[in-house]
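Undergrad: I would like the entire structure built from these sequences, with the hints used as guidance.
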Amino acid sequence: MIATRDAYGQALLELGRQNPKIVALDADLSGSTKTAQFGKEFPERFFNAGIAEANMVGMAAGMAAGGLIPFASTFAVFAAGRAFEQIRQSLAYPRMNVKVVATHGGITVGEDGGSHQSIEDLAIMRSLPNMTVLCPADGPETAAAIRAAAAFDGPVYIRLGRGKVPVVFPQDCAFEIGRGVTLREGKDVTFIGTGLMTAMALEAAQALADKGIEARVLHMGSIKPLDTELVLNAARETGAIVTAEEHSVIGGLGGAVCEALAEGCPVPVERVGMRDVFGQSGPAGKLLEHYGLTADKLVESAERVLTRKIR
Amino acid sequence: MLSEQAVQKLEQTARELRVDILKMLHQSQSGHTGGSLSAIDIMTVLFFQQMKHDASRPDWAERDRFVLSKGHAAPALYACLARAGYFPKEDLATLRQLGSHLQGHPDMRKTPGVEVCTGSLGQGLSQAVGLAMANKVAGRDTRVYALLGDGELQEGQIWEATMSAAHYGLSNLCIVVDCNGLQIDGFTEDVMNVGPVAAKFAAFNMHVIEADGHDVASLGQAFAAAEVSDRPTVIVAKTVKGKGVSIFENKAKYHGVAPSDEELQVALQVLGA
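Each protein sequence line maps, in turn, to chains A and B.
Counting from 69, one number per residue, gives the positions in the first sequence under my numbering.
Counting from 7, one number per residue, gives the positions in the second sequence under my numbering.
One or more hints might be untrue.
[Unchecked claim] Using C-beta positions, here's what the derived DEER-type ranges look like: (1) Arg-237(B) with Phe-346(A): 54 to 62 Å; (2) Ser-183(A) with Val-197(B): 30 to 38 Å; (3) Gln-160(B) with Glu-112(A): 32 to 40 Å.
If you're looking for bench data, these hints aren't it; they were derived computationally from the structure.
All C-beta atoms, glycine included, are put in the ideal place defined by N, C-alpha and C.
TA: Quick look at the structure:
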């Protein structure tokens, strides 16, 4: 178990040692976003913008125009919310080479409550032309995603979480922007997960196997570009899809998958996520249970979607 | 100090650029007349006197950078870039037309010489601050100039960016505020009073200089003083919206309206074109 934000802090530090063009910006949350270690080792390449996220994004854009590779970090709710227009105008529109690393995504922020839980950031960021949107599953994949983002020329939004999450991928895993990963084969139904929900999908698939149902599990660390081919193949071969995300069912992974299916291979879908509601204060685990973001609910959703399967 | 000859040459250049701006706006029948004319003397001094740049090498790492934070004055920027040789002057006639590289607001991916995308007010200064930081990180001895409107100071992000410029001691940054006192809805002091502008920037620990934004000698002096300052400088430049042609001067209407046939004829006569 490791938090994706911890993996980010470590990966950023290593990138900084390898490439002098890497700079980091933060908005008074460097202890939480884990950019503080980078700031300690490279004070001349670390810029605290203070509590001013919009200006942080603008400064990062200017630094990219000056040839640097900025990683700008804050909580997801402030990155995609407060600084949305700056991300649109100063990063996405000009295709600036800036990486927005948004930590504390989803409801597992926990006790801070609904004001601090981002349930819409993936939808917002996905709607921007030129924007790449990543949501890794665990620590090793986060490190790989951060390296892939640094090597990619253009704006990237990377959504990470606060709490420790189970490890799904091997330490030396690769990350390819625009590619999903098949974690488990199955012919009856397909789970498509992102972020920490992928681990739950694996758990749910195991539970279904005990009932004689073979569930395929795909992980989408790249929400945009979406691996449409992998999604459509799963739809053709299994005939039913369940999406799983720590995000609103509107516009995020579930939205992206449904768009792809509607155009390419319509099959019954169940979307597991926040059902158009804001979160509230509580311990992360209890919140996941309360809002139905659990392996049990994924099993129920799979069973439900199977009754709707057209065959 | 600029020589008398240099002053005269810059004044003549500014007159010619005014003609280019008005022809371009008339041709497209779209765009911002008032703010382009209020800013053109400042930009003339920057592009043809003050800044180190080379149109044959738009990516030259050692160039000074210009950020038009008040992006709606794009016609003034395009007129300067064309005259400096970044692209053919004939292109000016394509302003705001489908397929043109001259967008309604500056686009770094389309127009050679444009450093960043601007147009959403308040965002250019943050980018200029980032550019100045990048120059420091890279150890480049170059300067960054950002041109703001006074109405634009109503955007809170301007003050966030100013705070960072002062905090990081960006002596390589020079902000110019084109204080023409007008915005779309009327006089700035009626819509949302931003004054006292100089005192506000001074309170943010900036080096503040007041200048006449239509007096090229006064501007030249201000830029020279900014260069030797150990703090980021703000030049508060008093200007007249629509400056140069009395029918456009000080009228909110010409914020975003292009000249008609008759207005262009009057203007060309006044400007001796």
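Undergrad: Against this structure, judge whether each hint is valid.
TA: Hint-by-hint comparison with the structure:
no., hint, in the structure
1, Arg-237(B) with Phe-346(A): 54 to 62 Å, "45 Å, violated"
2, Ser-183(A) with Val-197(B): 30 to 38 Å, "32 Å, holds"
3, Gln-160(B) with Glu-112(A): 32 to 40 Å, "34 Å, holds"
In summary, the one numbered hint that this structure violates is 1.
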